[in-house]
Amino acid sequence: RKEVEQDPGPFNVPEGATVAFNCTYSNSASQSFFWYRQDCRKEPKLLMSVYSSGNEDGRFTAQLNRASQYISLLIRDSKLSDSATYLCVVNSPTGGFKTIFGAGTRLFVKA
Amino acid sequence: EADIYQTPRYLVIGTGKKITLECSQTMGHDKMYWYQQDPGMELHLIHYSYGVNSTEKGDLSSESTVSRIRTEHFPLTLESARPSHTSQYLCASSPSWGLANNEQFFGPGTRLTVL
Chain A
1 RKEVEQDPGP
11 FNVPEGATVA
21 FNCTYSNSAS
31 QSFFWYRQDC
41 RKEPKLLMSV
51 YSSGNEDGRF
61 TAQLNRASQY
71 ISLLIRDSKL
81 SDSATYLCVV
91 NSPTGGFKTI
101 FGAGTRLFVK
111 A
Chain B
1 EADIYQTPRY
11 LVIGTGKKIT
21 LECSQTMGHD
31 KMYWYQQDPG
41 MELHLIHYSY
51 GVNSTEKGDL
61 SSESTVSRIR
71 TEHFPLTLES
81 ARPSHTSQYL
91 CASSPSWGLA
101 NNEQFFGPGT
111 RLTVL
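Chains A and B, in that order, give the protein sequences. For the first sequence, the working numbering gives the first residue as 1, with consecutive numbering after it. For the second sequence, the working numbering gives the first residue as 1, with consecutive numbering after it.
To be clear, the hints were calculated from the coordinates, so they are not data collected in a lab. Cβ coordinates follow ideal geometry from the N, Cα and C atoms, glycine included. Fair warning: there could be bad hints in the mix.
Calculated Cβ distances over 10 Å to all of chain A for the following chain B residues [unchecked claim]:
| id | residue |
| --- | --- |
| 1 | Ile13 |
| 2 | Gly14 |
| 3 | Ser24 |
| 4 | Pro39 |
| 5 | Met41 |
| 6 | Glu42 |
| 7 | Leu43 |
| 8 | Ser67 |
| 9 | Arg70 |
| 10 | Gln88 |
| 11 | Asn102 |
| 12 | Gln104 |
No more than 20 Å apart at the CA atoms, straight line, and that leaves these computed lysine-lysine pairs for PhoX-like [to be verified]:
| id | chain 1 | residue 1 | chain 2 | residue 2 |
| --- | --- | --- | --- | --- |
| 13 | B | Lys17 | A | Lys98 |
| 14 | B | Lys31 | B | Lys57 |
| 15 | A | Lys42 | A | Lys79 |
| 16 | A | Lys45 | B | Lys31 |
| 17 | B | Lys31 | A | Lys2 |
| 18 | A | Lys98 | B | Lys57 |
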């Protein structure tokens, strides 16, 4: 079982839709969590950190559920430019705090 | 924009050649990483470093080697390139402070093709 698991998708949604991605992690001692965005043939870039209390950045909302060991990303009012792969990232204490990237969830937003 | 650079951006080379992929960052980050990623596939960590003179192998076995003689520089070398090495290689760095709360900053990548 992978330490970080995501639904690979793809998610195909129309513009304006709300879409949610979930990610589960296996190590309950994990301490910090992030969502990265990777455009096709580009490098990953940090989208937002995920805090225990949940956090929002414009149309994007990230939440953490430590009891169930999952994090989520909600995108409201999807734009064409949101089309990308969204990577769930967890800092795990395995082997001295390793950063573990999920395989990513692909999102296609269509007009 | 992150101050992390990779050269070359694209490289097409014949089998058996020795190549070095360069990665430099000007942010003073102690930690640096090399990832391998095939198109549409997930990132695989192949090497990382906690600081000068520190190098560790990642999760994916790789025939490449790395060195960390200076904080800002983390080159990756393939002694004898093979077609199976064809992939995108992404370099990243992160600060050591803040314990686990580290964002990784990625370079633009080197797309390697071995014929």
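Structure-based check of all given hints:
no.	hint	verdict
1	Ile13	holds (20 Å)
2	Gly14	holds (24 Å)
3	Ser24	holds (15 Å)
4	Pro39	violated (7 Å)
5	Met41	violated (8 Å)
6	Glu42	violated (4 Å)
7	Leu43	violated (5 Å)
8	Ser67	holds (21 Å)
9	Arg70	holds (22 Å)
10	Gln88	violated (8 Å)
11	Asn102	violated (7 Å)
12	Gln104	violated (6 Å)
13	B:Lys17 x A:Lys98	violated (33 Å)
14	B:Lys31 x B:Lys57	holds (13 Å)
15	A:Lys42 x A:Lys79	holds (19 Å)
16	A:Lys45 x B:Lys31	holds (17 Å)
17	B:Lys31 x A:Lys2	violated (24 Å)
18	A:Lys98 x B:Lys57	holds (12 Å)
Against the hints set out earlier in the document, violations occur for numbers 4, 5, 6, 7, 10, 11, 12, 13 and 17.
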